[in-house]
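**Student:** Read off the chains here:
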Amino acid sequence: MNRTMIAASNTLGQLQKQIDVISNNMANVETTGFKRGEASFTDLLVQQLNNQPNQAAEVGRLTPLGIRQGNGAKIGQIQNVQSQGSLKTTNRDLDVAFTKENLYFMIGVEEGNVIRLSRDGAFYLSPNGNENMLVTADGHTVLDENGNDIVIEGDIKEIQISDEGILKAITTDGGEQTFNLGVVSVQKPQFLEKLGDNLYGLPDNYDGLGVTADDVLTELTGALRTDISMKQGALESSNVDLSKEMTDLITAQRMYQFQSRSITMADQMLGLVNSIR
Amino acid sequence: MLRGFYTAASGMLTQQRRTEMLTNNMANANTPGYKADQSSVRSFPEMLLNRIADETIPNGNEKKVPSFAQVGSLNTGVYIQETNPLFKQGDIKQTDLKTDLALVHGEMPIDEETGVAGALFFTVQNGNGDVRYTRNGNFTLDGEGYLTTSGGYYVLDENNERIQLDNDQFTVSDNGVILQDAAQVAQIGIAYSNDPAGQLVKEGDGLFSADAELTNAYDEDDVFFTIKQGYIESSNVDAAQTMTEMLSVYRSFEANQKVLQAYDQSLNKTVNEVGKIG
Chain Z
1 MNRTMIAASN TLGQLQKQID VISNNMANVE TTGFKRGEAS FTDLLVQQLN NQPNQAAEVG
61 RLTPLGIRQG NGAKIGQIQN VQSQGSLKTT NRDLDVAFTK ENLYFMIGVE EGNVIRLSRD
121 GAFYLSPNGN ENMLVTADGH TVLDENGNDI VIEGDIKEIQ ISDEGILKAI TTDGGEQTFN
181 LGVVSVQKPQ FLEKLGDNLY GLPDNYDGLG VTADDVLTEL TGALRTDISM KQGALESSNV
241 DLSKEMTDLI TAQRMYQFQS RSITMADQML GLVNSIR
Chain S
1 MLRGFYTAAS GMLTQQRRTE MLTNNMANAN TPGYKADQSS VRSFPEMLLN RIADETIPNG
61 NEKKVPSFAQ VGSLNTGVYI QETNPLFKQG DIKQTDLKTD LALVHGEMPI DEETGVAGAL
121 FFTVQNGNGD VRYTRNGNFT LDGEGYLTTS GGYYVLDENN ERIQLDNDQF TVSDNGVILQ
181 DAAQVAQIGI AYSNDPAGQL VKEGDGLFSA DAELTNAYDE DDVFFTIKQG YIESSNVDAA
241 QTMTEMLSVY RSFEANQKVL QAYDQSLNKT VNEVGKIG
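Going down the list, the protein sequences come from chains Z and S.
Using UniProt numbering, the first residue of the first sequence is number 1, and each one after it goes up by one.
Using UniProt numbering, the first residue of the second sequence is number 1, and each one after it goes up by one.
So here's chain S without its partners, still in its complex pose (with noise of 0.2 Å):
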């Protein structure tokens, strides 16, 4: 057969998924505290080609050419191997609103296996009450007064308690410290995690889980960062660069086309010409 066929195929349908990825991306060059996500594209596994035949030169010299010899590897098709979360620091933007928290990371710790800095989020509670992690600081007081996401998912202190507050009137220090009337209210909670992509994962408005829970960024000696209240952080696309990327995503989409084009060509050729008789 011929093996390129499907390679071509795989080709179109990658950068498919890559235009779906990249979509999303745009979509979301305008949400808070969206990371934007990369892929990451990779090879089929290798096969190794053998010549089986033993085959002999006919040229008088009974010269053979020996049997089993390797042709060498072949690739035979290409897929999406992950998308991976960029967690680098967003804009931050002003937005004069109390409930408004942008988590701006400091210096952080360096992962020096991978070159991955480490990355802080805000801790939420989900409907089941489970834990869930959230760069997207678009906060709002509820009927009963409880700070929650957008989502309605309710914010949680350093405790992991839901922060109770009388009136928007509050104000956040650099340190997450919540202050109504004077008072100490809460700290607000901040997790840390040190391999951002390894342990969280994508869940859709604006959360990520974790397998195991994230660490108390306060507790971590080198972690610095400064909360920011009447400020969001932007979403960390680069709105000309996904652009230039979806354009060369669909001319190598139009390339592979191409390919899929010529290998039925010579099907056709193979089928309909070879052995014409008449």
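For reference, chain Z alone in the conformation it holds in the complex (with noise of 0.2 Å):
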């Protein structure tokens, strides 16, 4: 009898982290550059029982001796879904809009100054005497191609921001200054750790894992520019699409019922077995 509850508690458990996941994308869904995740499944170990080892008295088998049977269904992944999402013109100049699938900029963060990505273009300027820095919404600095904090000097009249990520800023005294963006074109998107606050990065044990940073990511230099696609006065809206998200929950609900339903049907089979005396 333990098996049945075993079973569907065991797929409970696993409904319940994927109903976790839904939930995150749909509070998610106005989220800047958000990238959705998608649980699914794969069924969890089968066991053999050999209930009948005398292959002679066992007539008319199609399957090879023994039976096998599962213990329930575990979520075999969750996939970060790259898919582009739709743009939204916000007519600002410090926005700035991937138009194309695996870019991402080159965000600076205190911690021992490690590199991490955004898809997230809302960014602005951080004052500092004489000098603005470009920083994202939560103050991390955004990257140049090799690396170094963007820092405008001077009292600045407009910024202009190219399609392929050169910034250029128009001081009042009628200089200009120019930033080539930082951006890295991701070859394996899975590899990357969701870090929250609209970051990714490589995880920690990359190293010992046998893949180098330059496996997972490209960071477009030189030539590699051309690759760059970017729009600015223009926000990426979230890649999350509310009606399939809900067809989801309501699914995994369902399951969650089927589930539950097999528990009491277990139990009441145990108080049948209770009430024999």
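In short, the hints are calculated from the structure, not lab data.
The model shown is predicted, which means the values in this text are computed figures rather than measured ones.
Accuracy of the hints is not assured; some may be wrong.
Claimed, not checked - DSBU-like mimics (lysine-lysine), calculated; alpha carbons at most 35 Å apart, straight line: (1) Lys194(Z) to Lys168(Z); (2) Lys228(S) to Lys194(Z); (3) Lys231(Z) to Lys98(S); (4) Lys194(Z) to Lys93(S); (5) Lys88(Z) to Lys98(S).
Unchecked claim - Simulated restraints on C-beta separations: (6) Thr212(Z) to Gln241(S): 47 to 55 Å; (7) Glu193(Z) to Gln241(S): 38 to 46 Å; (8) Glu58(Z) to Ile92(S): 35 to 43 Å; (9) Gly222(Z) to Ser173(S): 28 to 36 Å.
From the three backbone atoms N, C-alpha and C, an ideal C-beta is built for every residue, glycine too.
Take the two lone chains, each set in its own frame, and fit them into one complex as the hints suggest.
**Tutor:** In structure tokens form, the structure reads like this:
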């Protein structure tokens, strides 16, 4: 009897995780540059019970000896769906959106000067005396192609960002400063880790996995910069499709009900056993 | 002894095991490529009952009833003989993920003896380097660019080699050829089994193992299939049917419990009431 209950409760726990993923997607339906996750299932370990060892007594069997029983389902993987979100025009000079999949801005984070990636192109200027530094909404610095902070000097009159990621700042005295925004193209997006705050990074132990940063991503410098495609004055919306998430949620909830029902049924069967005498 | 006592108990055990199997099917109603299990229930081997005593009928004619007459045959129990995966094609669901592949059966040869159609599988490699088969096409790229299953098993090409790709921007044609930057990288390995129930054993994690390596589906002339990129094959569990079966299994369990109780009452009468004094 326990097997029924165990299989059902195993599955309940995993369904709960799937619902967690769905609700996180729904919560981020309005988050700039958010990429939805998609949980998919696989079956849990199957055990073989040798209920009839004598092949001669088993007339008409189709399958190899023994019976095999599964123990429910588990989440196989939660994939990052990289599909392009739709563009929302904001007409703000410091908003940029990628128009191609798998491109990310390089963002500098204080912790040990590690480089993080982001699709969120809502940037700000952080003034410091006569200088302005380009930062994200959380105050992390936006890096140029060499991994340096972007610091604009003087009074800024206008900022232009070209489709290929060149930031041109025109100051009130007519001077011009240009910076190449740091952009990477990610080859194996499933290897990236979601870190919250719209940031992605390589997992801490990627070295131990026998993978180098170059395997996963390419920094777009020099001639490779022609691959960059972005648009100023727009932001990339989240790629969450609310109706799809809702459908998934309903399916997951029904699955949850089915599993609970199995537990109830197993419990009633135990009750029957108990009431034999 | 009351022969049916243990028969009823074995009936309860059988229904319990069927419940376990059905619960597992239901748990995997949302698992890509999952193949539902079906149970076949079989009675214990028959036994022949004999009358052993030679009796004289006390009616004055000295008539005798012959000895060792056969009464008839009886089964004293029931058990689950086998669980048999149903290799029927599951529905195809769109996912838009380039690493999701669905294997769609076209025309399949049907075994003349068993009436069962053949089945196709993706070929994968487990941690020990052994070949396994799966229908779950929910693949992904690992850090080194190998195409793997969600459990990390390497997906193999038609020469049983791992498939390495630069990134997830690749296309898979209907016949399994992987193109990256307009160049052919590999052809996905598809294995064909003409007797899937007899050759394949479920291992969990979506995998099947086989004693002997299956044949290459591309070499079979009468096997037709397509591979669809951006789709996955859903589980072939029928939720309504599974639920109905669960209910009937439950009632059968209940009926066997009632029979067991009835036998217990008979025993009670035998032990406590027959030959009661006072």
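**Student:** When the hints from earlier in the document are held up against this structure, which numbers fail?
**Tutor:** Going through the list in order, the structure violates no hint and respects every one.
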